[in-house]
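S.K.: Spelled out from the first residue to the last, the chains are:
Protein chains: 2
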Amino acid sequence: MSVTIKDVAKAAGVSTATVSRVLNNSKLISPQTAEKVRNAMRELGYFPNNIARSFAYQNTCIIALVVDIEEPTAFNNPYFYQIQYGIEKYICPKGYYLMIANENTLNHSGTGFSQLVFEKRVDGLILPVSLLNKHLVKKMEDQNFPFVIIGEPENGYDTNWVDVNNKMAGEISTTHLIENQFQRIAFVSGSQKDLFNKRRLEGYLTALAKHGLSPDPDLIKEGAFSKEDGYALMSEFMGRQNPPDAVVFTDNLVAFGALSAAKAYGRRIPDEIGIVSFDNFPVAELSEPPITTVDIDLINLGIQAASMLLQEIQLPSTTKQQSLLSVRLIKRGTSERARREQPAPWERS
Amino acid sequence: MSVTIKDVAKAAGVSTATVSRVLNNSKLISPQTAEKVRNAMRELGYFPNNIARSFAYQNTCIIALVVDIEEPTAFNNPYFYQIQYGIEKYICPKGYYLMIANENTLNHSGTGFSQLVFEKRVDGLILPVSLLNKHLVKKMEDQNFPFVIIGEPENGYDTNWVDVNNKMAGEISTTHLIENQFQRIAFVSGSQKDLFNKRRLEGYLTALAKHGLSPDPDLIKEGAFSKEDGYALMSEFMGRQNPPDAVVFTDNLVAFGALSAAKAYGRRIPDEIGIVSFDNFPVAELSEPPITTVDIDLINLGIQAASMLLQEIQLPSTTKQQSLLSVRLIKRGTSERARREQPAPWERS
DNA sequence: CAAGGTAATGTAACCGGTTGCATAAAAAGT
DNA sequence: ACTTTTTATGCAACCGGTTACATTACCTTG
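Going down the list, the protein sequences come from chains B and A. Okay, so the first sequence: first residue is 515 according to the numbering used here, each after it adds one. Okay, so the second sequence: first residue is 515 according to the numbering used here, each after it adds one.
Be aware that one or more of the hints could be misleading.
As the list claims (entries may be wrong) - Calculated pairs, DSSO-like style, for lysine-lysine (alpha carbon to alpha carbon, straight line, at most 27 Å):
no. : chain 1 : residue 1 : chain 2 : residue 2
1   : A       : LYS845    : B       : LYS777
2   : A       : LYS777    : B       : LYS845
3   : B       : LYS603    : A       : LYS520
4   : A       : LYS735    : A       : LYS652
5   : A       : LYS653    : B       : LYS653
6   : B       : LYS550    : A       : LYS653
7   : B       : LYS652    : A       : LYS520
8   : B       : LYS653    : A       : LYS608
9   : B       : LYS520    : A       : LYS652
10  : A       : LYS777    : B       : LYS777
11  : A       : LYS653    : B       : LYS608
12  : A       : LYS653    : B       : LYS524
13  : A       : LYS550    : B       : LYS653
14  : B       : LYS520    : A       : LYS653
By construction, these hints were calculated from the structure, which means they are not laboratory data. Since this is a predicted model, take the numbers as computed values, not measurements.
Produce the complete structure using the sequences and hints provided.
M.R.: Right under this line is the structure:
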């Protein structure tokens, strides 16, 4: 059907072994022979059949990113896809390809993504911590199958993983508010069952402690996910006797809803109420005023995960690696009080 | 190393051919033998080696989505990724896998994505029209390599392609404004070098013509891409003697910038100026007022492309298919004048 | 009961590369 | 000039499935 190594060998008057060696730039080949073979390849329009190559080497040079995205909207998808881009960017120049495996669509056909492992379709796996389970980890470790987890796992897993430094994120956002003379800072997160939310809360508490502020349980809320949750929560805060003067939200949309509520109630921002959010999502930059957020470099997260995985593939080791990535704060209008609005030291209560 | 078909054959006391037949559910196998073989597989923990299978069949059951995304921001990535999701959703239940090939990262290693074709790494390709060129098409057609283009190509290409109905998008958005009693409707697009922008303009002109309105060249602008472009353009419009009373923007961010400008100049929206945009992007829903947009179902676009490609892979044909997808308008606050605000027929000029 | 047909299984070639080992030719050492 | 080493190439097995063809056993049917 198409041109094979045999055709090239015949045309060049050498053995298939020699052609193969030319393909792989073996230095055992004399320049003249190499030249001859290369000419034959060019004339015949030869391309090595990658499937055969994979078969001989027993690897595919493909790694899979497993995701568990339900029907994506423009809202919920940027996260994985930036990670995806980072992975791609790292592995492609190294001759690897990226396969996407959505656990939700894959599951329809039975075994889910573990099929990829057992059938040797891919050389390694990057998967979110949400898909981790003991059973699977054991299987993969029994096979010495390389994999990297995105997101810090709960205690009891000794695996390769990468995550952003969520504690640091909680800490710098809170510290920033403290430095802008906010006093009663609330903290609103998603579910505290998720380790990353626990870490963010830890950071918040650490920042308070470092500045001699004691946490108020009434100011710590969990379970906010939507614009509407944010609106409701902020309304509730503002109806209180002793409301917070600033809020850290771990979700951008929640912060957006809260901002609307604060504006609807006529609060001046950031003078009367400060807001810091997480994940530098488009709306954060476009809202009025633009929202201060912790910027999480997900492209870099992908790069780190990919780098760790390729290392594991190329020289497997028994010691596992972990990597925590720094985050940075993007200061915008919802938190930075103008200098003149800060009380001078002697004016403070 | 791992369990192969030979091990299973030996354990079950049959030949490898028999095991292979059991694997493929051949009906030539007696139930007792099948049972025996399946037991052996279970006991040994056998999984077929997919690389070997691919080698025998000379296919990979992988299709590639080629993209040409530069460093993605949360702004620019939703488009491809919704298409990606659609493809995935369609192909996974059918036993195919999705590979992502970013032309930009791939190119670092030389030949770019055409490598995928010649090395037989994938069974088919879905690629954006922006990456199309005659040279490539000829090569792929010479090899009978299945591929589908996303986006209508310029004249002169007879290939499989899918696209959203851009003309319809231009038409329904304009018609909607006309039906809301807007009279001087401007049209602002990206570059008219892009066919999809030409089609959108066609739709706009068609809608005007159908309602007996004649186009005014001063109201047709091209080359707007950013929030800032939108702001500048809207400012310019509002400074005119005879400004438009509504604008169709083919880009959401441009519309967002324009909206800010209109608000900054104190115009009431939609009473004094109407705005319709394209692509139902997050900011469209969250802005004040929320922006009316044409909703483009990119997930469905992916599904259609994937469906066309698998069909081509499974039974290659020489006749090419094209598919144009409908769009729908999401009516929001920037265009819908309240009934009472519309002039009654006898009040019109 | 022999001939013909069918169902179940085995044998071995094949898919297209890679690579250990053998070998031949050239270069170096004594 | 003769052995030893180095360099270049070929032979053939191998990776793990699939499948055309051969073979055997059993089942019909005249």
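S.K.: Which earlier hints can't be squared with this structure?
M.R.: 3, 4 and 5
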